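K.L.:
Each chain, written out:
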Amino acid sequence: MILTKKDVPNFLDSLKNNYQVFAPVKQDHYTEFKEIENGADAVLDYSNTKTPPKKILFPQSEKLYCYKVEENGVQMEEKADEQQKVIFGIRPCDAKSFTILDKVFDNNKYQDPYYLNRRKNTILVGIGCNAPESTCFCTSLGGGPFDTTGLDLLLVDIGDCYLVEVISEKGKNMLTSCKEAGEEDKKKASQVKENATLTTSINIEGIKEKLDNNFYNEIWDYISEKCIGCGSCTFSCPTCHCFDIVDETADSGGCRIRNWDSCMFPLFTLHGSGHNPRPSNKERFRNRIMHKFNYFVETNDITACVGCGRCIKNCPVNMDIREILEEIQGLEARSVS
Amino acid sequence: MQSITTAVQNSAKKLLEENKVDVVIGFKKGTIPLRSTPVFIRDSNDADKLEWNYYCENNLANYLRNKDQKIGVVVKGCDSRSIVALMKENQLTRDNLYLIGVPCSGMIDRKKVNRIIGDKEILETNCNEDSLIIKTKDSEQTIKLNEVMHNSCLKCNHKNPVIYDEMVAEPVSENSNTDFSEIKEFEEKPAEERKNFFIEELSKCIRCYACRNSCPMCYCQECFVDSTNPEWIGKSAENVQDNLFFQAVRVFHLAGRCVDCGACERACPMDINLGLLTRKLYKDTTEMFNTEAGANLEDAPALSTYNMDDPQPFLLKE
Chain U
1 MILTKKDVPN
11 FLDSLKNNYQ
21 VFAPVKQDHY
31 TEFKEIENGA
41 DAVLDYSNTK
51 TPPKKILFPQ
61 SEKLYCYKVE
71 ENGVQMEEKA
81 DEQQKVIFGI
91 RPCDAKSFTI
101 LDKVFDNNKY
111 QDPYYLNRRK
121 NTILVGIGCN
131 APESTCFCTS
141 LGGGPFDTTG
151 LDLLLVDIGD
161 CYLVEVISEK
171 GKNMLTSCKE
181 AGEEDKKKAS
191 QVKENATLTT
201 SINIEGIKEK
211 LDNNFYNEIW
221 DYISEKCIGC
231 GSCTFSCPTC
241 HCFDIVDETA
251 DSGGCRIRNW
261 DSCMFPLFTL
271 HGSGHNPRPS
281 NKERFRNRIM
291 HKFNYFVETN
301 DITACVGCGR
311 CIKNCPVNMD
321 IREILEEIQG
331 LEARSVS
Chain P
1 MQSITTAVQN
11 SAKKLLEENK
21 VDVVIGFKKG
31 TIPLRSTPVF
41 IRDSNDADKL
51 EWNYYCENNL
61 ANYLRNKDQK
71 IGVVVKGCDS
81 RSIVALMKEN
91 QLTRDNLYLI
101 GVPCSGMIDR
111 KKVNRIIGDK
121 EILETNCNED
131 SLIIKTKDSE
141 QTIKLNEVMH
151 NSCLKCNHKN
161 PVIYDEMVAE
171 PVSENSNTDF
181 SEIKEFEEKP
191 AEERKNFFIE
201 ELSKCIRCYA
211 CRNSCPMCYC
221 QECFVDSTNP
231 EWIGKSAENV
241 QDNLFFQAVR
251 VFHLAGRCVD
261 CGACERACPM
271 DINLGLLTRK
281 LYKDTTEMFN
291 TEAGANLEDA
301 PALSTYNMDD
311 PQPFLLKE
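The listed protein sequences derive, respectively, from chains U and P. Heads up, the first sequence is in the working numbering, so the first residue is 1 and it goes up one at a time. Heads up, the second sequence is in the working numbering, so the first residue is 1 and it goes up one at a time.
One chain only, chain U, in its complex shape (with noise of 0.2 Å):
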């Protein structure tokens, strides 16, 4: 299929009569995901948002009930979002997040209503990247430039044009005015492929057995020395998703909110006796990187990182994650006894 790049804003319009849609729009000098009020405000000609996607499905903080005591007992609301979405202009990266997520949200122990009703409203539109940037290592993680996993469409950029690909029942339905790829369109999108490459790559073979072994290694010690301990990285992560619950009342009233925690902060585990297991960078920055590379991939079978590079972009002291990677691979894997 074929969506001329003139026809976008219109689609985007029209799209708007069934669905909320959400889209990259300028803001400052970088794009964020935001609902779009008109077509025309999609930038689709970007890097990748500042923060990803995740929040709308996710959001940083969400109101799961609001409670109110009357006179006549305590009355509940719950607050429930039913409203289909598109994410237009999604990159491949951020889409793959999105089957991360799954496993945390829908599990034989839990199934979290919040997240899956949203999810399940959401086509994902992804738009794939012509020019990888040099903080990306996607592929090192199974995924690609143009890698269509968690997608019900992905766009090729060819020009004047997107080469529509279908991925799914749910994307297809969403075409229904768009003409047919010529054999010269579906030529430059692969040449378009082709072009794609990424600059850099991690090594994450055995990287999970290293973990295992070395927890105790002095490596912890300097690996997290300049690291401030802010929530930058976790708070521009796609697959980060660790949440804490709060009630903000006022009067007789208030409600339930679910809000993103971040292993980094040390409130995160903070005993109620005052007690910290995690008292330090140190430990906490060690969790970081245990809980993406080593126990998600205990639990779920897969790493909880799709290189977007976003915390290598947004650490306020230049802490890279490939560089942490490279020094843990060059440890030496003690054998398991």
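Keep in mind the hints are simulated off the structure, nothing from the lab.
Some but not every residue of chain P turned toward chain U, in silico, with C-beta under 10 Å: (1) 30; (2) 36; (3) 37; (4) 63; (5) 116; (6) 209; (7) 214; (8) 236; (9) 237; (10) 238; (11) 269.
Sample of chain U residues lacking proximity to chain P, with all beta carbon distances greater than 10 Å (derived): (12) 37; (13) 71; (14) 201.
These numbers were taken from a predicted model, which means no experiment stands behind them. No residue lacks a Cβ here, since even glycine has one placed at the ideal position from N, Cα and C.
Based on these hints, arrange chain P on the given structure of chain U.
P.N.:
Leaving out everything else, chain P in the frame of chain U:
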């Protein structure tokens, strides 16, 4: 720049070889363009990793508290002033520090560069005397350095360290007067406009606390935002009022202590204009009490002394 790099490396090497310090904290090459990154050097053979350039933007005073080692640290004007301010608060012992002083010509603000070149990836950069050359995939652009310097650096009047054990280069010339024109201009705007500006800015906040954690002066054992009993502030980032409240309290707590190094604004991943807030408080304390935080070892911190004739223009009624 290269001569400063060499001098810093030599100094660090000597300090480590002679066991005068256990570690030297400075900057090494970062992993992305326009970035240097803090580094801890313990082996004199690693001293040649150290570098000095326009990308050494972090305030290294942030790494000095609660260390039981002798530390050599590379200091710009602002780092040295934060060290002075921390010493006055009994957080650092001068004898445990060896300050390698570097005259600073200012640091480059990546977001200003990005605003000029747009959403394109910077592949390579080159700096000379007064300009920065940026290479992207399909363009090369030369930008005047003063167009992309951090605001805090452009307004800085302590480019040279105020205390040091050695200076690795000749001092640079200082701005002769303190420029608060930007603040005065903002103060004159109607209250509604000022409020709207900050609401707009703080709506970008993701509450990662990078601003707080990058600040050498933010060292409360428990920050008020982390307190759960009582819960002073909501934890939700989508509540802009709470985001604004967080910044207001953060900045007020830094009044008379903040050296206006700009580390908070540099650390913000969302590029929120925090400098306007910190500089406003910096202006107020400087003008009202005629003292600049960390400028010298003698002055008592403005807010920890009291004189009967202290100005009180903030009182609504006297």
